[in-house]
Amino acid sequence: MPTSKADLTNAISRVAKGDRSAFEALYAATSAKLFGVVVRILVRRDLAEEVLQEVYLRVWQRAAEYDAALSSPITWLVAIARNRALDEVKRKPMRSLEEMPGVLEIANDDDPLADHGRKEEMLRLKACLDRLEPEKSQIVLLAYYYGMTREEIAGRIKRPVSTVKTWLRRSLAQLKDCLGQ
Amino acid sequence: MTDDDDVDGLAAEYVVGSLDPAERAQVAARCRTDVTLREAIGDWERRLGTLADGVPGIEPPAHLYSTIAKRIWGQGGASIERAEATPLRRSARRWRGLAVGAGALAACLALIVVWLFQNSPGPPTAFVAELHRSAAGPTADESARAAGPPGFVVSLDLAAHTIKITPVTVRPAPRRSYQLWLTQGGSAAPSSLGVVSQSEPTTWAWRTLATPADLVNATLSVSLEPEGGSPTEMPSGPIIFIGKLVPATP
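Note that the protein sequences, when read in sequence, are chains A and B.
For the first sequence, the numbering used here begins at 100 and goes up steadily by one.
For the second sequence, the numbering used here begins at 28 and goes up steadily by one.
If we strip away everything but chain A, and leave its shape as in the complex, we get (with noise of 0.2 Å):
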C-alpha cells in the first residue's frame, strides 16, 4: 500500500494516466483518512458515505492536475474531501450542535502518511494556534474540523456574530504571520 509521500504521488501520476490498479492502491492508502475527515464535518454517516465516493470520483477525473511543486499528495487529498463535505453540510444543515464535543484539541493521531518533514510542519502550525488566546484557538479549529459557519460558532460560544468574524478573521492573520509563510 502506498504510503510515503513519494508512494502516493506516484500513485496520483499514475493513476492520471488511467492506471485502475493505483487508483485502488491510493483508495487503500488514504480512504480511512478521507473518511475521518468528512466523517468529523457531516457526522451522519450516510452523507458521508455519499460524499466519499464523490471525492474519489473527482480524484479519477482530475488526478493529472495533480501539481506535486505545489502541494503533498495528502494535503491536495484532503482539499478535496473538505471541500466537498462543506458544500454538502451547508446545502443540508443537519447536524445536531450537542453532538460536538465540549472542548476541541488538534487532533494528534500517530499518522501513517505523515513523514517526518509533514510532523514538524504539523508542530509549528500547532505552536502558532497555541500562541493565540484560547477562546480563538477553538474558534478556528470548530470551523477546521467540523465545518461550523461563524454563526453556529456564535450560538456556541454566546456571542455575536460579528465577533466571531472580527476574531477569526485576527487570529488568521495572526497564525499566517506567526507561520511567516
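Not one of these hints is a red herring.
Have a look at the derived ranges for each label pair, beta carbon to beta carbon:
1) Asp-70(B) / Ala-226(A): 13 to 21 Å
2) Thr-108(A) / Ala-200(B): 24 to 32 Å
3) Ala-240(B) / Gly-216(A): 42 to 50 Å
4) Asp-241(B) / Gly-279(A): 45 to 53 Å
5) Arg-202(B) / Gly-279(A): 22 to 30 Å
6) Glu-234(A) / Arg-202(B): 41 to 49 Å
7) Lys-225(A) / Asp-32(B): 28 to 36 Å
8) Glu-234(A) / Ala-216(B): 35 to 43 Å
9) Pro-233(A) / His-90(B): 39 to 47 Å
Sample of chain B residues lacking proximity to chain A, with all beta carbon distances greater than 10 Å (derived):
10) Arg-160
11) Val-195
12) Arg-198
13) Pro-199
14) Pro-217
15) Pro-253
16) Pro-265
None of these hints come from the bench; they were simulated from the model.
Note that this is a predicted model, so its numbers are computed, not measured.
No residue lacks a Cβ here, since even glycine has one placed at the ideal position from N, Cα and C.
Once you have looked at the hints, place chain B on chain A.
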C-alpha cells in the same frame, strides 16, 4: 460579503470552513475571475493542510470501493472495453489521418462527421469537435461557426479511452495556459479535461463518466488561464474557443 476588501481573510475563512452557504457559493463564483483570491485560497489550503493529519482515520464500509469502481467503469468494466476495442481502433486510425492535415481539413470536418454519423448503426463510440473563437461568452451558437477556421480540433475515442486536442489556428499565449473544459447538458458545471499544449496535439486518458448519449451535443470550451491552468474547479479566465461534440463512428 464577497466584495470584502480583505481578500486574504475571505480566502482564509473559505478554507477554514466558517462561511455560510451563500457566501461560500459567492466565493467559489468569484474565484473564476479573481486570480488573487484563488491564489490566496491555495496558500491557505497549504498553510492549514497539516491540521487534518491528526484526525483519526475511519475505515469506510468495505462495499464502498466497489460502488466507486462501478460508478467509474460501469458494471462490466474490462470485458465491455475489450469487446469495443476493434472497431474503435479503426476509427481512431482514420481520425489520426484526418488530424494530420487539421488546418486544411477542418472546414469540411462537419460534413465528414455528418456522413459518418448517418452511416453508423449503434451508439457512437468516437466523437469530434471543432472549437471556434467564442464571440459572446460560453454559448456554442451557429454564429461562432462562421468565424473562419477553428482554433482547435478535438477527437474523442471512447474505446481507446483517449481524447486528443490539436491546435489549428490558435496563437501561442506566453505565460498563460489554454485549458479544455467539458459541459454535459445545459445547466451542468464544466469539468476540466486539462491544460492544452499551444503548439502540438495533446492526448489524455479519457476518464469522464458519461454515456455516448450524454456526449452528443456536449460542449467543449477552451479558456485562457494563468500559467498552469485554473486553480479552481471552474474556468477562471474568458472562454475563447467553443464547440460541440458530434459522433464520428462508422
